[in-house]
Amino acid sequence: MQGILSAAGYVPYRRLDRGTITETFAAGGGRGTRAVAGYDEDTTSMGVEAARLALRAAPSGAHPRTLAFSTTTPAYLDKTNATAIHAALRLDTDVLAADFGGAIRSGLAALTAALHGPDPTLLVTADVRDGLPTSADEAAGGDGAAAILVGSDTDGPALATLAGEGHTTEEFIDRWRTPGDNRSKVWEERFGETKYVPLGEQAWNAALKSAELSADQVDQVIVTGAHARAIRSLTARLGVDKSKLADDLSGSVGFTGAAHPALLLAAALEQASPGQTIALVALADGADVLVFRTTDAVGTWKPARAVADQIAAGAPLSYGKFLTWRGVVTVEPPRRPEPDRISAAVTGRTEHFKYGFVGSKDRTSDALHLPPARVSRVGDAVDDMEPAPMADVPGTIAAFTIDRIAYSPSPPIVFAIVDFDGGGRLPIELTDVNADALQVGDRVEMTFRRLFTADGIHNYFWKARPFPAGAQGKEGSSA
Amino acid sequence: MSSHGIKDQVAIVGMGCTKFGEHWSKNADDLLIESTTQALNSAGVTKQDIDAYWVGTAMSGMSGMTVSRPLQLHNKPVTRVENFCATGSEALRNAAYAVASGAYDSALAVGVEKVKDSGYQGLVGAGKTPTDGTNRTLTAAAMFAMCAPAYGNRYGVGDDQMREVLARISWKNHYNGARNERAQFRKEVSMDTICGAPLMAGGLRVFDCSGVADGSAAAVLVRAEDAHQYTDRPLYVKALAFVAGNASGNADPDYDYTYFPEIEAAGRDAYAQAGVTDPRSQLAMAEVHDCFTPAELLIYEDLGFAERGSAWKEVLAGTFDLAGDLPVNPDGGLKSFGHPVGASGLRMFFETWLQLRGDAPEERRIAHADRGLALTHNLGGYPGEMVSFVGIVGNELG
Chain A
1 MQGILSAAGY VPYRRLDRGT ITETFAAGGG RGTRAVAGYD EDTTSMGVEA ARLALRAAPS
61 GAHPRTLAFS TTTPAYLDKT NATAIHAALR LDTDVLAADF GGAIRSGLAA LTAALHGPDP
121 TLLVTADVRD GLPTSADEAA GGDGAAAILV GSDTDGPALA TLAGEGHTTE EFIDRWRTPG
181 DNRSKVWEER FGETKYVPLG EQAWNAALKS AELSADQVDQ VIVTGAHARA IRSLTARLGV
241 DKSKLADDLS GSVGFTGAAH PALLLAAALE QASPGQTIAL VALADGADVL VFRTTDAVGT
301 WKPARAVADQ IAAGAPLSYG KFLTWRGVVT VEPPRRPEPD RISAAVTGRT EHFKYGFVGS
361 KDRTSDALHL PPARVSRVGD AVDDMEPAPM ADVPGTIAAF TIDRIAYSPS PPIVFAIVDF
421 DGGGRLPIEL TDVNADALQV GDRVEMTFRR LFTADGIHNY FWKARPFPAG AQGKEGSSA
Chain B
1 MSSHGIKDQV AIVGMGCTKF GEHWSKNADD LLIESTTQAL NSAGVTKQDI DAYWVGTAMS
61 GMSGMTVSRP LQLHNKPVTR VENFCATGSE ALRNAAYAVA SGAYDSALAV GVEKVKDSGY
121 QGLVGAGKTP TDGTNRTLTA AAMFAMCAPA YGNRYGVGDD QMREVLARIS WKNHYNGARN
181 ERAQFRKEVS MDTICGAPLM AGGLRVFDCS GVADGSAAAV LVRAEDAHQY TDRPLYVKAL
241 AFVAGNASGN ADPDYDYTYF PEIEAAGRDA YAQAGVTDPR SQLAMAEVHD CFTPAELLIY
301 EDLGFAERGS AWKEVLAGTF DLAGDLPVNP DGGLKSFGHP VGASGLRMFF ETWLQLRGDA
361 PEERRIAHAD RGLALTHNLG GYPGEMVSFV GIVGNELG
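Residue numbers (this note's numbering), protein chains in the order written: chain A, 1 to 479; chain B, 1 to 398.
Don't read these hints as lab results, they were simulated from the structure. Beta carbons are placed, not taken as given, at the ideal position from N, Cα and C, and that holds for glycine. Be aware that a few hints might be false.
[Said to hold, decoys possible] Pairs of lysine to any residue, SDA-like flavour, derived with a Cα cap of 20 Å:
| no. | chain 1 | residue 1 | chain 2 | residue 2 |
| --- | --- | --- | --- | --- |
| 1 | B | Lys-47 | B | Ser-68 |
| 2 | B | Lys-128 | A | Ser-252 |
| 3 | B | Lys-128 | A | Arg-190 |
| 4 | B | Lys-128 | A | Val-375 |
| 5 | B | Lys-7 | B | Val-276 |
| 6 | B | Lys-47 | B | Arg-69 |
[To be verified] Here are the in silico distance ranges between beta carbons for each label pair:
| no. | chain 1 | residue 1 | chain 2 | residue 2 | range |
| --- | --- | --- | --- | --- | --- |
| 7 | B | Asp-256 | A | Gly-19 | 54 to 62 Å |
| 8 | B | Thr-129 | A | Arg-335 | 20 to 28 Å |
| 9 | B | Gly-156 | A | Asp-455 | 43 to 51 Å |
| 10 | B | Asn-246 | A | Ala-313 | 34 to 42 Å |
| 11 | B | Gln-48 | A | Arg-335 | 41 to 49 Å |
| 12 | A | Leu-132 | B | Gly-309 | 38 to 46 Å |
| 13 | A | Arg-335 | B | Arg-280 | 37 to 45 Å |
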C-alpha cells in the first residue's frame, strides 16, 4: 500500500507586504504578506530545494524510481524541467523524471497518480504566481514549492497512508491563461462559485465514503484553490468544525498554485500526531479530495525544515524590487557586459559539479577540490580522487565582498570565500542575504539557483546562503 | 628548480611609450606604431634592423600580425604573447631570452592595449571560451577588496586606519602621476577626496582602482656586449622571473588573502638571479602592479620591501613616496598612469629606463638612482589565482 514516506515545503526567503501595493497604486494589495521567489529562483530551482528537504527527512532506504515535477510556470517548454531536478538530486540515470505541467490541478493530480503506485515516486511541485500590478492574483498569489515522497512498506515506514479519495471533473471557463501570457484572466467569480461548490461537495462525499468516515471524524481539513469565494462557500458546507480547518497560508505565503496542496499537506504532516485523519480538498477545474490517515511513524519523524519555520525566517522585499524581479520594471543595469549563454557541450561534461555540486577528494591527502580536479593540489596524485558531494555540507565565510560593478540580474553581487566543514573552499555568490549584517565566520548552506538566462538557456548552479534563523549550521552537521 | 637567469647578457637600448588614456581617436595600430617608432628612434635603428618581434596584447589582437601588418614588417618573426595583466612583461621576457640564446642579435618587445572601445566600465575580458556557467562573474575589484579586511584582521589594523593606509597609497601614486606627462590622470587628489569617493566593491572606492586606459610601450633589446653600439647608457637585464600560480588559493582553506605566494616566489627567484640580498637598500626604485591599493600594500611585503605586518606603517611613514627611502611607482603606477593591459609591463620598464638613465623630469626624479638597480613587478589574475612577473634591470654591468 502506497503512503507518504516524507514531505517538505519550500518557502522562498522574501516577503512582499501586500500593503505596499496599496500604498503604491492606491489599489490592489491587501493584508498580510506573500512569499516571493528570489530573482535567482524559478520553479525548477525551488523544486530542487523542496526535494532536497524531503529526501533529507526520508527513510534511509527510500529511493524514488520516478520523479514527477508539476508547475504552471515551467522554466522551459519542450525540454523537461524535471531533469535538472533529477541532476541536482544526483538520482540514478535509470530514474524516470518527467513534467506534469500546465494547469494548477496537475500538482495534486501527480500526487494522486503517485499514490496509485506502485513505484516509489518523488512528487515535486513549484509555482511562481504572477498577475498584473494591483490584480488579485498579484496579491493573493505566492511563490513556493513542495515535495512529497510516496512509496510502499518496502521503501520505509509511511507517515500517512491514503484512506480514501474522491474526484470530480467538469469543463467550464473560470480561469485561463494563453501560453506566453504572463497573467491569468478570470470570469466573473460568482459563475465559478456555482460550478465549484457542487463539484467540491460531490468529491468530498465520495472521499468520505471511500474512507468509510463521516465528516465529523476527520481531524483536520485543508481546503485550497485559486477561487477564494468558492473555497469559502464550500468550506461552510463540508460539515466540519472551524477548529479543524488548517491555515491555508494565504496570509503569509499566498496561494502557490500547483504547489499549494502539497505545501499545505507537508505543513499539516509536520504538525500531525499518530492516528489522525487529514483531508486535503483542492478546487481546480473540478475537485480533488484525498483523505490520509497518519501512522505512528509521524510521531518520531523529524522534518528537515518545517514550513512554519521557513515562514518565520522570511525577510521583507520592497514592492519596487518585486516589480523589478518580475520583469515588470526594468532598472538601469551596471555598465558591464551581460553573460554569454552557457555551452551545452561543456555543461554535458560537468553535470555532476554544476547540478550536483560534487567535487573530488584526493584519496592520499584528503585535499578537496571544487570544481573536481584530476591532479591534486597537494602531492603528486593524478586520477586518484573520489567524488565528494558537497551540496549538503555547511560552510563558513572566510572572506566576503560586495561587488557593485559586476553584472547581476539584481545588483550588487555579494560574494564570499566559503570554507566547507571537513575541507574544501570555493569563492561563491551569496543569496538571501542581508549584506549589512554579514560577518566573516557566518555559517552558510548551499542552495540551488538560476544564475542568469542567456539565449533562453537557464544557467543553474549553486550559491551559498546564511542559515535561516533557527537552523544555524553546527560544525559537522548538515542541517 | 633551477633558474639560472640571463644576468648581464641582454641590454635595453631603446624604449618608447605613448601617453596612456582614453584615445578615442586612435586604434591599437596607431598606438603601437607610436611606441615602436619612439623605441626604434631612441635606439637609432630601423624596423628592418630588428631581427625578431614580440607583441604582448591581452585583447587587442591575435597573432604576430597584430604588429607585422601595421608596421609592414617584411619576413620577420613576430610572436604574440598573453599572460593576463602581466602580458607586457611577458613580451619583454621572451624577447630577452631570444637574444640571450643567440638566435637573434636584436629583438623588439611591444605591448599594446585598446580597452576603451568596449563601452563598459573597467576591464572586460577578451575570453569568449565557452563555459558551463559555473565560473565566477565578479570583478577584479571585488576579489582584491577581500585582501584589505583580511590584512587588517591579521595584523590588527582597524578599518579607519586601513582606509587611511590605502588612501595614502592612492594619494602617492596620484602625486607621482601628476608629474608625468604620459600619465592618464595628472592631478593630485586629496586624502579626503579619495576617502569620500563612491564605493566600487567591498571597501574599495573609485580611487582605490587603477585607471583603465589605452596605450602602448616598446623596448629594443640587443646582446649586452653590443649595447654601446646603440647608446652610452643602456640598461642591463639582471633578472626576469615568472610564476604562474596553480590557483590553489581559492581552493585551499589555509590561504588567508594577506599575501600573494606567486609574487613572493617570483621575487625570490628574481633576487637570486640578480644577486640582490637586501632589496630595500639595494633597489633605487620599484614599479609594482597597483591594480588596486590593497595589492600594492601586500606586494611591499611579498617583495621584501617591508617586514610582514609592517608595510602599512611604512606607507604612513612615507617610505615609498617619491622622496622616500624606496620610491615605488614614481611614474604614478597603474593608479594614475592607467592600465592598458598588454602595455603596462613595458610601461614599468619605461620608467626604469628614464630614472636609471637620469632622464626622468626633475619634478619626479628619484633620489637614489645611484643604487643602480630598479625592479618591475607585474601581476595578472586575482588573489588566490594569479601569475606574477618580477624583473630587475641595472645601469651597470656586474
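Practice problem: For the pair supplied as a hint, B:Lys-47 and B:Ser-68, confirm whether the alpha-carbon distance does not exceed 20 Å. | Solution: holds, 10 Å
Exercise. Sort out whether A:Ser-252 lies within 20 Å of B:Lys-128, counting only the CA atoms.
Key: violated, 45 Å
Quiz prompt | Given pair status - B:Arg-69, B:Lys-47, alpha carbons within 20 Å | solution = holds, 13 Å
Self-check item: Beta-carbon spacing of B:Gln-48 to A:Arg-335 - inside the hinted bounds 41 to 49 Å or not
Solution: 44 Å Cβ-Cβ, so the 41 to 49 Å window holds.
Self-check item: 20 Å Cα cutoff - pair B:Lys-128, A:Val-375
Solution: Violated, because 25 Å separates the two Cα atoms, which is more than 20 Å.
Quiz item: Does the Cβ pair B:Asn-246, A:Ala-313 satisfy 34 to 42 Å?
Solution: holds, 40 Å
Quiz item: If you check the beta carbons of A:Leu-132 and B:Gly-309, does the distance land in 38 to 46 Å?
Solution: Violated - the Cβ-Cβ distance for A:Leu-132 and B:Gly-309, about 60 Å, lies outside 38 to 46 Å.
Practice problem: Using the beta carbons of A:Arg-335 and B:Arg-280, state whether their distance is inside 37 to 45 Å or not. | Solution: The hint (37 to 45 Å, Cβ to Cβ) holds, given that A:Arg-335 and B:Arg-280 are roughly 41 Å apart.
Exercise. Can you let me know if the beta-carbon spacing of B:Gly-156 and A:Asp-455 is within 43 to 51 Å?
Key: Once the Cβ atoms are compared, 50 Å apart, the range 43 to 51 Å for A:Asp-455 and B:Gly-156 holds.
Quiz item: Between B:Thr-129 and A:Arg-335, does the beta-carbon spacing fit 20 to 28 Å?
Solution: holds, 23 Å
Self-check item: B:Lys-128 paired with A:Arg-190 [C-alpha distance capped at 20 Å]
Solution: violated, 57 Å
Self-check item: Pair hint B:Lys-7 and B:Val-276, alpha-carbon separation not exceeding 20 Å
Solution: holds, 12 Å
The earlier numbered hints that this structure contradicts are 2, 3, 4, 7, 12.
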